[in-house]
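Asks: What follows is each chain in one-letter form.
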Amino acid sequence: MTEKAVILEVNERTCTVVTADGDFRQLELQGNYRPGQEITLPQTVKSTYRYALVAACLLFFLAAAGLWGKWMNPAVAAYVSLDINPSVEIALDKQNIVMGLNPLNDDGKELATGLQIKGKKMDMALQSLMVAAISKNYINTGGENVILSAVTTLSGSTDTGLDELIRESLEACLEKGNVKAEVVVGNIPPDTREEARKAGMSAGRYMIFMNAVKNGKSVRPDDFKGNIYKIQQDQKIKVKDIVEGGHSPADHKKPGRVSSPVKGLDLRDSADTGEYTFQDRGRSDFGEHVNKGSGMSIEKDSKEKEVNEKEVNEKEPGKKVVKEKETEKKMDPPKAEKDIISGKGEPDGIWPEGSEDPPGQDPGKEDKGRE
Amino acid sequence: MLPVNIMEEKLASAQSGDSQAREDLIAAYRSFVMRAVVKVCGRGMEWSRDDELSIGLIALNEAIDRFDDQRGVPFPAFARLIIKSRIMDYLRQQSRHNNLSGVSLDDFDGQNLSFIESSQAWDLYLQQETEREREEEIGRYKKLLNDLEICFDDLVKASPKHRDARATLLRASKLLSDERHLFSQLMSTGKLPVMALSRLAGINVKTIERGRKYIIATSIIWHFCEDFLYLCSFVKLPEKEARN
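Residue numbers (this note's numbering), protein chains in the order written: chain G, 1 to 371; chain E, 372 to 615.
In case anyone wonders, no lab produced these hints; they're calculated from the structure.
Just so you know, these numbers come straight off a predicted model, no measurement behind them.
Backbone N, C-alpha and C fix where the C-beta goes; we use that ideal spot for every residue, glycine too.
Check the hints yourself; a few may be wrong.
Below 25 Å or equal to it, Euclidean Cα-Cα: the simulated DSS-like pairs (lysine-lysine) are [to be verified]:
{"hint": "1", "chain 1": "G", "residue 1": "198", "chain 2": "G", "residue 2": "230"}
{"hint": "2", "chain 1": "G", "residue 1": "4", "chain 2": "E", "residue 2": "584"}
{"hint": "3", "chain 1": "E", "residue 1": "528", "chain 2": "G", "residue 2": "4"}
{"hint": "4", "chain 1": "E", "residue 1": "607", "chain 2": "G", "residue 2": "4"}
{"hint": "5", "chain 1": "G", "residue 1": "4", "chain 2": "E", "residue 2": "513"}
{"hint": "6", "chain 1": "E", "residue 1": "528", "chain 2": "E", "residue 2": "584"}
{"hint": "7", "chain 1": "E", "residue 1": "514", "chain 2": "G", "residue 2": "4"}
{"hint": "8", "chain 1": "G", "residue 1": "94", "chain 2": "G", "residue 2": "180"}
{"hint": "9", "chain 1": "G", "residue 1": "4", "chain 2": "E", "residue 2": "455"}
{"hint": "10", "chain 1": "E", "residue 1": "528", "chain 2": "E", "residue 2": "562"}
A partial selection of chain G residues facing chain E, derived with a Cβ cut-off under 10 Å [unchecked claim]:
{"hint": "11", "residue": "18"}
{"hint": "12", "residue": "19"}
{"hint": "13", "residue": "23"}
{"hint": "14", "residue": "52"}
{"hint": "15", "residue": "55"}
Could you build all of it, start to finish, from the sequences and the hints given here?
Replies: See below:
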């Protein structure tokens with residue numbers, strides 16, 4: 001739209017004009033104007049400039065808002081579940097900053113009350129959790145404890161070193177608090193975590209449960225609620241070997257005789273997801289940790305090792321005889337189940353519905369011994 | 372003086388052969404011709420007595436034929452230039468008649484003139500003349516505003532940026548310029564009769580107060596339309612008011 005104007009007054013650098021619709025304006029002087037002269041206003045240029053400016057501002061704010069949003073609410077990079085008896089899960093971003101804490105059972109809720117770990121670094125958050133667990137007597141200061149932690153990176157990669165960081169943090173906490181506990185840290189692929197979530201279990205528990213299923217034991221998910229150490233005793237299993245030995249539940253070829261009582265847990269379907277390989281790393285660590293003064297008696301240790309070896313054997317194909325024997329032994333259900341794993345309480349956004357494709361798992365870590 | 376848009380309609384139909392429209396135009400511009408001729412000759416005129424007035428009417432008729440809005444000159448200004456030019460011709464002829472009785476170069480002179488007028492020289496003359504008139508007009512406008520203690524910078528500040536707001540003030544200023552009594556009050560005291568205008572236009576007193584200088588400046592254009600021919604025809608009133 002071109003607008004015309006009549007020059008009224010010419011100053012040094014500006015001129016005053018009146019437009020055809022009666023608007024008096026001051027313009028920058030362009031060329032040699034004389035009063036009374038009729039000119040065409042550079043209206044379009046001006047308005048496009050203005051629109052461009054507005055658009056630029058808008059874009060800037062959108063970009064800023066986007067960045068701000070991203071900064072304030074970064075994407076979840078990993079989930080770390082923690083099972084003692086209370087089961088909780090924390091979500092971490094790329095910088096290992098805690099983005100949220102999700103209790104997975106009633107004790108988990110109890111543990112989480114009053115804890116402010118969102119926005120803290122992971123090690124500080126774990127420390128707070130451990131301190132809370134000790135002070136609320138979830139960790140038996142005088143006896144045996146197992147702390148099971150399952151790490152799920154959403155990218156699926158397992159060599160992020162996150163598992164080692166967690167182990168170090170937890171062990172440091174325990175040492176400080178002068179508490180004896182076995183720390184078990186395992187990597188779990190995102191799809192397995194998702195299955196666990198559907199089953200209403202923590203990823204760590206789900207791993208043990210599925211291992212038991214795989215081994216043909218007649219077990220119920222309920223058997224894997226409650227204190228991890230107790231489960232270990234009741235089921236006569238060694239959590240460390242299961243979790244750190246690289247046996248993901250999706251690894252099994254046969255779901256066994258047990259059909260899952262949990263809705264949404266299709267054992268056969270999950271059988272072929274992903275390829276998992278063993279890696280026998282970190283064996284040398286074993287002795288070192290044992291020498292650090294294990295609280296267990298040698299007898300007990302060796303006894304456990306026996307069971308352990310059996311388990312390991314079972315993992316090899318063609319050793320079905322031992323498996324049968326094991327199954328008979330473990331028929332009786334566990335007792336003293338006081339905790340119910342709750343599948344609810346998913347905070348918005350951080351615990352999304354879907355998860356990423358199954359990547360290859362590389363659960364390398366072997367025994368590190370007990371403390 | 373006719374409102375600009377009505378004048379343009381009449382002009383267009385007169386040019387395409389509507390004799391009634393032409394009669395209307397000439398009737399409407401009679402007094403305009405009178406004032407233009409008086410200005411050129413520098414003495415009082417009477418319709419029944421002076422030939423100059425007849426020549427002025429003939430020139431107006433010619434202006435209707437020759438007017439072309441592509442030139443960017445408003446019709447009254449164009450007509451005035453033609454009238455002026457014709458009167459000058461006439462006066463020159465008269466003086467020749469008086470001085471060189473007998474030998475007549477008139478015919479030749481006249482032909483020559485009309486030849487020049489139809490050529491580019493006439494366009495150039497018209498352009499230069501209108502430029503001069505425009506500049507002179509703005510100068511007069513500025514002086515008149517200065518007498519009322521208004522400068523153009525004030526108007527830049529006072530003129531509403533929004534078209535609707537401007538239309539409201541322009542409506543008020545048009546009413547003011549038509550209201551003889553109120554307008555003469557403005558011109559004699561230099562003060563805008565805000566209350567009276569507020570009642571007349573049905574506009575908030577505050578609005579009028581705020582647009583005081585703008586209303587005064589524009590109402591002057593409407594009221595002295597003949598003196599500010601270019602401005603008056605350039606600045607358009609909002610649609611509704613232009614009809615009245």
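Asks: Given the hint that residue 607/E pairs with residue 4/G, test it: the Cα-Cα distance must not exceed 25 Å.
Replies: It holds: about 11 Å lies between the C-alpha atoms, which stays within 25 Å.
Asks: Per the CB criterion, is residue 23/G less than 10 Å away from chain E?
Replies: OK, holds: residue 23/G within 10 Å of chain E, min 5 Å.
Asks: Given the hint that residue 198/G pairs with residue 230/G, test it: the Cα-Cα distance must not exceed 25 Å.
Replies: holds, 24 Å
Asks: Holds or violated: are the alpha carbons of residue 4/G and residue 584/E at most 25 Å from each other?
Replies: Cα-Cα ~22 Å, so holds.
Asks: Keeping to a limit of 25 Å between CA atoms, is the pair of residue 94/G and residue 180/G held or broken?
Replies: Violated, because 31 Å separates the two Cα atoms, which is more than 25 Å.
Asks: If you draw a straight line from the CA of residue 528/E to the CA of residue 562/E, is it 25 Å or shorter?
Replies: Distance of about 19 Å is within 25 Å: holds.
Asks: If you draw a straight line from the CA of residue 514/E to the CA of residue 4/G, is it 25 Å or shorter?
Replies: Cα-Cα ~24 Å, so holds.
Asks: Would the stated hint for residue 19/G survive a check requiring a Cβ distance to chain E of less than 10 Å?
Replies: holds, 8 Å
Asks: Going by Cβ atoms only, is residue 52/G closer than 10 Å to chain E?
Replies: Hint violated; residue 52/G Cβ to chain E Cβ min 20 Å, cut 10 Å.
Asks: Is residue 4/G within 25 Å of residue 455/E, Cα to Cα?
Replies: violated, 28 Å
Asks: Can you confirm whether the C-alpha distance between residue 4/G and residue 513/E stays at or below 25 Å?
Replies: holds, 20 Å
Asks: Does residue 584/E sit within 25 Å of residue 528/E, going by the straight-line distance between their CA atoms?
Replies: Roughly 10 Å separates the two Cα atoms, so the pair holds.
The structure is inconsistent with the numbered hints 8, 9, 14, 15, although it conforms to all the rest.
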